[in-house]
Amino acid sequence: MFRKFFKKNNFKLFLVGLVFTLVCFFRFFFQEDFLQGDYWKIFIFYGGAFFLLPWGIIHFFFQQKTEDYFWGKFNFAHFEKRKVENLLFIFWIGFFGLIMLKSDQWKNFPISPWILGRWELVLFLDFTLLPLILFFQEFFYRGFLLKIFSERLNLWGAVVFQALLAIGFETFFIGRAFLVGIVLFVFYCFLGWVSWRQKNFLYSWWLIFLSGLFFDLVVKYKIFSLLNK
Numbered sequence: 004m005f006r007k008f009f010k011k012n013n014f015k016l017f018l019v020g021l022v023f024t025l026v027c028f029f030r031f032f033f034q035e036d037f038l039q040g041d042y043w044k045i046f047i048f049y050g051g052a053f054f055l056l057p058w059g060i061i062h063f064f065f066q067q068k069t070e071d072y073f074w075g076k077f078n079f080a081h082f083e084k085r086k087v088e089n090l091l092f093i094f095w096i097g098f099f100g101l102i103m104l105k106s107d108q109w110k111n112f113p114i115s116p117w118i119l120g121r122w123e124l125v126l127f128l129d130f131t132l133l134p135l136i137l138f139f140q141e142f143f144y145r146g147f148l149l150k151i152f153s154e155r156l157n158l159w160g161a162v163v164f165q166a167l168l169a170i171g172f173e174t175f176f177i178g179r180a181f182l183v184g185i186v187l188f189v190f191y192c193f194l195g196w197v198s199w200r201q202k203n204f205l206y207s208w209w210l211i212f213l214s215g216l217f218f219d220l221v222v223k224y225k226i227f228s229l230l231n232k
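Each residue of the sequence shown is one higher than the one before, counting from 4 in the numbering used here.
For the record, the hints were derived by calculation from the structure and aren't laboratory data.
Possibly wrong hints are sitting among the right ones.
[What the hints assert, rightly or not] The calculated label-pair distances, taken between Cβ atoms and stated as ranges, are:
#1 N13 <-> L135: 31 to 39 Å
#2 L25 <-> D71: 15 to 23 Å
#3 T131 <-> F77: 13 to 21 Å
#4 I93 <-> F130: 20 to 28 Å
#5 F14 <-> W122: 47 to 55 Å
#6 L132 <-> D71: 22 to 30 Å
#7 G171 <-> E123: 33 to 41 Å
#8 E123 <-> G20: 40 to 48 Å
#9 E123 <-> E154: 40 to 48 Å
#10 R121 <-> L18: 39 to 47 Å
#11 N13 <-> K68: 29 to 37 Å
#12 D71 <-> F181: 30 to 38 Å
#13 N13 <-> L55: 20 to 28 Å
[Said to hold, decoys possible] The calculated DMTMM-like cross-link candidates involving lysine to aspartate or glutamate, where the alpha carbons are at most 25 Å apart (straight line), are:
#14 K76 <-> D129
#15 K202 <-> D71
#16 K202 <-> E70
#17 K202 <-> E88
#18 K44 <-> E154
#19 K202 <-> E154
#20 K15 <-> D71
#21 K44 <-> D129
#22 K44 <-> E173
#23 K76 <-> E88
#24 K44 <-> D219
#25 K76 <-> E154
#26 K15 <-> E154
#27 K15 <-> E173
#28 K15 <-> E70
#29 K68 <-> E154
C-beta: ideal position from N, C-alpha, C; glycine also.
Model the full structure from these sequences, guided by the hints.
As structure tokens, this is what we get:
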């Protein structure tokens, strides 16, 4: 019975469920920090729950390398040739930006009071902690989870399931608006497809960093503008 359990990778799925439950449990200790948009506390949470925890499981439980979980080398020249991904990403930026600005959805994104109006600090955080936070996130969803799900499901099953977990976590704990959640779900499916196609989550990380940087600056610009009125 136990051989059958391990042979079919059921153990990995069980462990994924346990890990995701632990991530959700730890999230409660950072509730106020997420609501206030505290970059430093969010960085600590993502680094521990979304990176160190799955990294330790890969090395000590599975006794595998991170390279087996879609962690490869980033080749920018190679990605430039991917016209389909680039065109879809440009469309995403325009479409999501339109929804954010026209429907005032940017108001649902929290900003820590201690950075309000301080553009030098905003730029520092957006080019230091933001890429690291998103790296941890991509390693967890588009690396660790996507790889394990793809071993048991077909491509789109794995892509959709990791996106559901990602958007479910954000909607329940971070409080994304319903419309934003739907659009982000589509985007997370796209990121999963990119990561699986390239066999490298660094490409999805690059895309979500550009997206996150763009919208983070737009949101803060809108809020800072209101403060100056």
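Right, here's what the structure says about each hint:
1. One distance hint, 31 to 39 Å for the beta-carbon pair N13 and L135, holds here, with the actual separation near 33 Å.
2. Look at L25 against D71: about 22 Å separates their beta carbons, and that is inside 15 to 23 Å.
3. Roughly 18 Å separates the CB atoms of T131 and F77, a value that falls within the hinted 13 to 21 Å.
4. Between I93 and F130 the Cβ separation comes to about 22 Å, which falls inside the hinted range of 20 to 28 Å.
5. The supplied range of 47 to 55 Å is met by F14 and W122, whose beta-carbon atoms lie about 49 Å from each other.
6. Checking the proposed 22 to 30 Å range against L132 and D71 shows it holds: the Cβ atoms sit about 28 Å from each other.
7. With their beta carbons about 36 Å apart, G171 and E123 fall inside the hinted range of 33 to 41 Å.
8. E123 and G20 have their C-beta atoms about 43 Å apart, which keeps the hinted 40 to 48 Å range intact.
9. As the Cβ distance of E123 to E154 is approximately 46 Å, the hint placing it in 40 to 48 Å holds.
10. The supplied range of 39 to 47 Å is met by R121 and L18, whose beta-carbon atoms lie about 42 Å from each other.
11. Look at N13 against K68: about 22 Å separates their beta carbons, and that is not inside 29 to 37 Å.
12. Taken as a hint, the range 30 to 38 Å holds for the pair D71 and F181, whose Cβ atoms sit roughly 36 Å apart.
13. At about 25 Å, the beta-carbon gap between N13 and L55 stays in the expected band of 20 to 28 Å.
14. A C-alpha spacing of about 23 Å is found between K76 and D129, which places the hinted pair at or below 25 Å, so the restraint holds.
15. Among the hinted pairs, K202 with D71 is consistent with the structure: their alpha-carbon atoms are about 9 Å apart, no more than 25 Å.
16. Restraint check for K202 and E70: the C-alpha separation of about 9 Å stays at or below 25 Å, so the hint holds.
17. A C-alpha spacing of about 14 Å is found between K202 and E88, which places the hinted pair at or below 25 Å, so the restraint holds.
18. Taken as a hint, the K44 and E154 pair is broken in the structure, with Cα atoms around 34 Å apart against an allowance of 25 Å.
19. For the proposed pair K202 and E154, the alpha carbon gap of about 13 Å is at most 25 Å, so the pair holds.
20. For the hint linking K15 to D71, the alpha-carbon distance of about 14 Å falls within 25 Å, and the restraint holds.
21. Between the alpha carbons of K44 and D129 the distance comes to roughly 15 Å, so the proposed pair stays at or under 25 Å and holds.
22. Proposed proximity of K44 and E173 is supported: the alpha carbons are some 16 Å apart, at most 25 Å.
23. Proposed proximity of K76 and E88 is supported: the alpha carbons are some 18 Å apart, at most 25 Å.
24. Between the alpha carbons of K44 and D219 the distance comes to roughly 17 Å, so the proposed pair stays at or under 25 Å and holds.
25. Annotation: proposed proximity of K76 to E154 holds, straight-line Cα distance about 22 Å (limit 25 Å).
26. For the given pair, K15 sits about 10 Å from E154 by alpha-carbon distance, which is consistent with the 25 Å threshold.
27. The suggested pairing of K15 with E173 holds, with an alpha-carbon distance near 23 Å, which does not exceed 25 Å.
28. Between the alpha carbons of K15 and E70 the distance comes to roughly 17 Å, so the proposed pair stays at or under 25 Å and holds.
29. Proximity of K68 to E154 is assessed by CA-CA distance (about 16 Å); at most 25 Å being required, the pair is judged to hold.
The structure is inconsistent with the numbered hints 11, 18, although it conforms to all the rest.
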